[in-house]
Amino acid sequence: MTRLAVPKTYKLYIGGKFPRSESGRVYEILSSKGAFLANAAQGSRKDARDAVVAARAAFPGWSGATGYNRGQVLYRIAELLEGRRAQFIDEIRQSEGVPAVAAARQVDAAIDVWVWYAGWADKYLQVAGNGNPVSGPYFNISTPEPTGVVAIVAPQQSSLLGLVSVLAPAILSGNTVVLIASEKFALSAISLTEVLATSDVPGGVVNVLTGSAAEIAPWLASHADVNALDLAGAEALDWISLQVSAADTLKRVLAPESGVPAPSVERVTFFTETKTIWHTKALI
Amino acid sequence: MTIDRAVALAPAQRATDLIGGDLTEKSLRLHLEGLPGVDAVGLEARAAALGTRSIKTTSKAWALDKIIELIDLTTLEGADTPGKISSLVAKAMTPDASDPSTPRVAAVCVYGDMVPYAVAALGSSHSAGRDDGINVAAVATAFPSGRASLPVKIADTKDAVAAGADEIDMVIDRGAFLSGSYGLVFDQIVAVKEACRREDGTYAHLKVILETGELNTYDNVRRASWLAILAGGDFIKTSTGKVSPAATLPVTLLMLQVVADWYRLTGGASGGQRIGVKPAGGIRTSKDAIKYLVTVAETVGEEWLQPHLFRFGASSLLNDVLLQRQKLTTGHYSGPDYVTMD
Chain D
1137 MTRLAVPKTY KLYIGGKFPR SESGRVYEIL SSKGAFLANA AQGSRKDARD AVVAARAAFP
1197 GWSGATGYNR GQVLYRIAEL LEGRRAQFID EIRQSEGVPA VAAARQVDAA IDVWVWYAGW
1257 ADKYLQVAGN GNPVSGPYFN ISTPEPTGVV AIVAPQQSSL LGLVSVLAPA ILSGNTVVLI
1317 ASEKFALSAI SLTEVLATSD VPGGVVNVLT GSAAEIAPWL ASHADVNALD LAGAEALDWI
1377 SLQVSAADTL KRVLAPESGV PAPSVERVTF FTETKTIWHT KALI
Chain V
28 MTIDRAVALA PAQRATDLIG GDLTEKSLRL HLEGLPGVDA VGLEARAAAL GTRSIKTTSK
88 AWALDKIIEL IDLTTLEGAD TPGKISSLVA KAMTPDASDP STPRVAAVCV YGDMVPYAVA
148 ALGSSHSAGR DDGINVAAVA TAFPSGRASL PVKIADTKDA VAAGADEIDM VIDRGAFLSG
208 SYGLVFDQIV AVKEACRRED GTYAHLKVIL ETGELNTYDN VRRASWLAIL AGGDFIKTST
268 GKVSPAATLP VTLLMLQVVA DWYRLTGGAS GGQRIGVKPA GGIRTSKDAI KYLVTVAETV
328 GEEWLQPHLF RFGASSLLND VLLQRQKLTT GHYSGPDYVT MD
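Chains D and V, in that order, are what the protein sequence lines are.
The number in our numbering is simply the position in the first sequence, starting from 1, with 1136 added.
The number in our numbering is simply the position in the second sequence, starting from 1, with 27 added.
Worth flagging that the hints you see were computed from the coordinates, not collected in a lab.
Predicted, not measured: the structure shown is a model, and the values here were computed from it.
No residue lacks a Cβ here, since even glycine has one placed at the ideal position from N, Cα and C.
Errors might be hidden in some of the hints.
Pairs of lysine to any residue residues, derived as SDA-like cross-links and limited to a Cα-Cα distance of at most 25 angstroms, are as follows [claimed, not checked]:
no.: 1; chain 1: D; residue 1: K1182; chain 2: V; residue 2: S86
no.: 2; chain 1: D; residue 1: K1182; chain 2: V; residue 2: R174
no.: 3; chain 1: V; residue 1: K314; chain 2: D; residue 2: K1169
no.: 4; chain 1: V; residue 1: K83; chain 2: D; residue 2: A1360
no.: 5; chain 1: D; residue 1: K1182; chain 2: V; residue 2: I46
no.: 6; chain 1: D; residue 1: K1411; chain 2: V; residue 2: H359
no.: 7; chain 1: D; residue 1: K1169; chain 2: D; residue 2: Q1293
no.: 8; chain 1: V; residue 1: K314; chain 2: D; residue 2: G1152
no.: 9; chain 1: V; residue 1: K354; chain 2: D; residue 2: A1383
no.: 10; chain 1: V; residue 1: K314; chain 2: D; residue 2: G1160
no.: 11; chain 1: D; residue 1: K1182; chain 2: V; residue 2: V217
Here are some chain D residues pointing at chain V (derived, C-beta under 10 angstroms) [said to hold, decoys possible]:
no.: 12; residue: R1181
no.: 13; residue: V1188
no.: 14; residue: T1334
no.: 15; residue: A1360
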């Protein structure tokens, strides 16, 4: 007896839940050879709006956790990724059309990047913060703090590695994220949300929208409750006008990069604000 | 079972007109318990259906402004201070400083002892009987529980009216209502209504809070609504906001139906009495508030969508409406950093 396979219809990931797009639209994710792989939700501006609300609500809790705690949460995600290795390899192989070996290499690299960034969670403060020298009876201390809600356009030409390379540096410092996944290679992003949903990351810290970045990104760029914009995968978009509308609300904006951004502490510190405070020394 | 007292109740014009000259506990009970029961399933289905209307841009812009005009901007906290009242009043007068075209709210709603500060902060913007300007509403009668003796409740009310309150939000004695002492509740409303009388013979508007979250059944809500109207209430209000559930769409729909019945009963278009309705508590988003506007328009008619006849008791609702309004005027989504904190 032949068995009819059950193809999966994927949904968005907003506030720790998997809602359908408010618009009710879906689009087909095709393999590199043009075969049908899955239906994914095509996110709209209203989904982006809901995602920002969820990200804002999650911000106090996530940014209030200690760096050590966030690091542990991120390590655990790496463990879960490792457990789903076969699934990620399979999805990358189908959608990118690369051999299994190359797909495995990408998954390994992604997990390594994730662990590399997780390690920074309780260390970037020491690198980016400083005790400033002053000529007075007080301390002067500068310390980086997460900037808030970061909207990210994920690299469009990489399934998992590109995604991880922009997501991990944004959330490890305590920011919450609204991420527009690669439109063509959305499978890995969707599987990552299933990992996140079963991990210790609080709902709303990472929100993933699938669909057209050209359609959604302008709404996030002009959204007054978004604090920063990572245009890593926006090379093909009119990203200058995105920068212009982001300037209206003084957002931090990272310009597009071709390919996958290399791991760097600068990506972490870019989405932070430096707070400088003074404190008296003991009065003798 | 309680024993009927054959005592005459305080005269209230509406009740004597409807029930007859010899108004007693018994005749009042016979009337209230003779009201038809509420079809709960039908009521909830109707409310749910009214909540599914799709409101498009121009209607939405109209609705948002209308909602602001209907808001009783409220602060009822133990931690209220004169400073907090004056910032509330500032927000009532200028809800959105970045857009002067934003309408003002209908009233500010505060505790009785804060009325003088609200009146002072409003200054010439205080309506004080005029049609324009902002009203000061005070909660009275041992809000929110209503657990005090009648003289205390009356003194509470008189105090607020003397201080300049234009509207009194009283709570009914839910304990008495639930134990069947309708006459007691009725008498108290009549007495408080009398306490709303100013020296010049005019009355402060009386809103009667039913606290529907404690009345348990829709039948009770219908009875309490009739009771409050018969005793002379100008407005019937769902909740104090201190009890969960507070205002819900089905309960508000039910109260609006009572108001529509009363309007028809007293003459309809030829001089019928219009009673106001105020849902309060738990309405936090523009989306929710628009559902209420639809319900009012569909149940009693659009003429009810004016501050004399419909109000929202809310505090955080205003900020959400302002965010939606900014979205419509600027074309991009706004954020909580662009409205004042409460």
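Each hint, compared with the structure:
{"no.": "1", "hint": "D:K1182 x V:S86", "verdict": "holds, 19 angstroms"}
{"no.": "2", "hint": "D:K1182 x V:R174", "verdict": "violated, 47 angstroms"}
{"no.": "3", "hint": "V:K314 x D:K1169", "verdict": "violated, 45 angstroms"}
{"no.": "4", "hint": "V:K83 x D:A1360", "verdict": "holds, 23 angstroms"}
{"no.": "5", "hint": "D:K1182 x V:I46", "verdict": "violated, 54 angstroms"}
{"no.": "6", "hint": "D:K1411 x V:H359", "verdict": "violated, 29 angstroms"}
{"no.": "7", "hint": "D:K1169 x D:Q1293", "verdict": "holds, 16 angstroms"}
{"no.": "8", "hint": "V:K314 x D:G1152", "verdict": "holds, 22 angstroms"}
{"no.": "9", "hint": "V:K354 x D:A1383", "verdict": "holds, 17 angstroms"}
{"no.": "10", "hint": "V:K314 x D:G1160", "verdict": "holds, 19 angstroms"}
{"no.": "11", "hint": "D:K1182 x V:V217", "verdict": "violated, 50 angstroms"}
{"no.": "12", "hint": "R1181", "verdict": "holds, 8 angstroms"}
{"no.": "13", "hint": "V1188", "verdict": "holds, 7 angstroms"}
{"no.": "14", "hint": "T1334", "verdict": "violated, 30 angstroms"}
{"no.": "15", "hint": "A1360", "verdict": "holds, 4 angstroms"}
Of the numbered hints given earlier, the model fails hints 2, 3, 5, 6, 11, 14; all others are met.
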